[in-house]
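Novice: So the sequences go chain by chain: H and P.
Sequence positions in the first sequence follow the numbering used here and run 83 to 194.
Sequence positions in the second sequence follow the numbering used here and run 1101 to 1209.
A couple of the hints might just be wrong.
[Said to hold, decoys possible] Listed next, the in silico DSBU-like pairs over lysine-lysine satisfying Cα-Cα at most 30 Å (straight line): (1) P/K1154 - P/K1201; (2) H/K91 - P/K1201; (3) H/K96 - P/K1153; (4) P/K1168 - P/K1154; (5) P/K1168 - H/K139; (6) H/K153 - H/K91; (7) P/K1155 - P/K1204; (8) H/K91 - P/K1204; (9) P/K1201 - P/K1168; (10) H/K91 - H/K139; (11) H/K139 - P/K1154; (12) P/K1208 - P/K1155; (13) P/K1168 - P/K1204; (14) H/K96 - H/K139; (15) P/K1204 - P/K1153.
[To be verified] Partial chain P-side listing against chain H, Cβ under 8 Å, derived: (16) F1118; (17) A1131; (18) P1139; (19) I1143; (20) S1145; (21) K1190; (22) N1196; (23) G1200; (24) K1204.
Hints were generated in silico from the structure; no laboratory data involved.
None of the values given here were measured: they were computed from a predicted structure.
The beta carbon of each residue, even a glycine, is placed where N, CA and C say it ideally should be.
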Amino acid sequence: NAGVTQTPKFQVLKTGQSMTLQCAQDMNHNSMYWYRQDPGMGLRLIYYSASEGTTDKGEVPNGYNVSRLNKREFSLRLESAAPSQTSVYFCASREGGSYSYTFGSGTRLTVV
Amino acid sequence: KNEVEQSPQNLTAQEGEFITINCSYSVGISALHWLQQHPGGGIVSLFMLSSGKKKHGRLIATINIQEKHSSLHITASHPRDSAVYICAVKRGSQGNLIFGKGTKLSVKP
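Just chain H, same shape as in the assembly (with noise of 0.2 Å):
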């Protein structure tokens, strides 16, 4: 039962690279989420997918873009890395009508 299944879980990008986080999930939930935990703030909602073929921005968009390819996947697009996105980013999925959700292990992005 892998859940929600992150990678990559370490990267070092170059300022103004771009690179794609992957997330995908087995328990064919209906929501999807991304966050960004940065040190001394609580985590931090990027966008989120209410279903297969919606996403809509979260508090701190800027910088991202994102795609639900299907049900199980959810991408997050950094197209021109900035320092200021050196973050953990968690995804995270939760079925339609229920409060419970379930996390990925973070991928630890450092833009230099």
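Following the hints, position chain P against chain H.
Specialist: Chain P only, in chain H's frame:
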């Protein structure tokens, strides 16, 4: 002022001690979550509460909706309980989670 406040920010305890972590919130909620994050690890959901009290092993979570306050208790603490404990609240049935900054717990043998 943050909508979700946790206290204390850091907590050091001796093995076997009874531990309490507090969470206060300022918005109307439909549910409150307690999450655990081990160093270098992912986030695990411990409890989801909308009223009353829940118990799982040595962990107990309570919520007082009128006072907008929740507590997480750990009985007979153990070094493996060392982690960051995060409180998060959900606003309404369609709202997204709002997270506290977390409480870092260290249990010494």
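Novice: Decide, hint by hint, whether the structure agrees.
Specialist: Hint check results:
1. With a CA separation close to 22 Å, the supplied pair P/K1154 and P/K1201 stays within the 30 Å bound.
2. Of the pairs offered as hints, the one joining H/K91 and P/K1201 holds, with about 22 Å between alpha carbons and a cut-off of 30 Å not exceeded.
3. Between H/K96 and P/K1153 the alpha-carbon distance is near 48 Å, which puts this suggested pair outside the 30 Å criterion.
4. Distance hint between P/K1168 and P/K1154 is fulfilled; the C-alpha atoms sit about 17 Å from each other, no more than 30 Å.
5. With a C-alpha separation of about 28 Å, the suggested pair P/K1168 and H/K139 falls inside the 30 Å cut-off, and the hint holds.
6. Straight-line distance between C-alpha atoms of H/K153 and H/K91 comes to about 22 Å, which keeps the hinted pair within the 30 Å bound.
7. About 21 Å separates the Cα atoms of P/K1155 and P/K1204, which keeps this hinted pair within 30 Å; it holds.
8. For the suggested pair H/K91 and P/K1204, the alpha carbons sit about 23 Å apart, so the restraint of at most 30 Å is met.
9. A hinted pair counts as satisfied when its Cα atoms are at most 30 Å apart, and P/K1201 with P/K1168 qualifies at roughly 17 Å.
10. With a C-alpha separation of about 24 Å, the suggested pairing of H/K91 with H/K139 holds against the 30 Å cut-off.
11. At roughly 33 Å between alpha-carbon atoms, H/K139 and P/K1154 are farther apart than 30 Å, so this suggested pair is violated.
12. For the suggested pair P/K1208 and P/K1155, the alpha carbons sit about 24 Å apart, so the restraint of at most 30 Å is met.
13. Taken as a hint, the P/K1168 and P/K1204 pair is honoured in the structure, with Cα atoms around 22 Å apart against an allowance of 30 Å.
14. Under the criterion of a C-alpha separation no larger than 30 Å, the hint pairing H/K96 with H/K139 is consistent with the structure, at around 25 Å.
15. Note on P/K1204 and P/K1153: the hinted pairing holds, with a Cα-Cα distance of about 23 Å set against a maximum of 30 Å.
16. Given hint, P/F1118 at the interface with chain H, is violated; its Cβ is 26 Å from that chain's nearest Cβ, farther than 8 Å.
17. For P/A1131, the suggested interface contact is upheld, since its CB lies about 4 Å from the closest CB of chain H, less than 8 Å.
18. A hinted interface residue such as P/P1139 counts as satisfied when its beta carbon comes closer than 8 Å to some beta carbon of chain H; here the least separation is about 12 Å, so the hint is violated.
19. Evaluation of the P/I1143 hint against chain H yields a held restraint, the C-beta minimum of about 4 Å falling below 8 Å.
20. Look at P/S1145: its Cβ gets to within about 6 Å of chain H, closer than 8 Å, so that hint holds up.
21. Here the hint on P/K1190 is kept, as its CB sits about 6 Å from the closest CB of chain H, short of 8 Å.
22. Hint status for P/N1196 relative to chain H: holds, with the closest Cβ pair at about 5 Å, below 8 Å.
23. For the restraint placing P/G1200 at the interface with chain H, the shortest Cβ-Cβ distance is roughly 5 Å, inside the 8 Å limit, so the hint holds.
24. A hinted interface residue such as P/K1204 counts as satisfied when its beta carbon comes closer than 8 Å to some beta carbon of chain H; here the least separation is about 11 Å, so the hint is violated.
Hints 3, 11, 16, 18, 24 from the list above are not met by this structure, while the remaining hints are.
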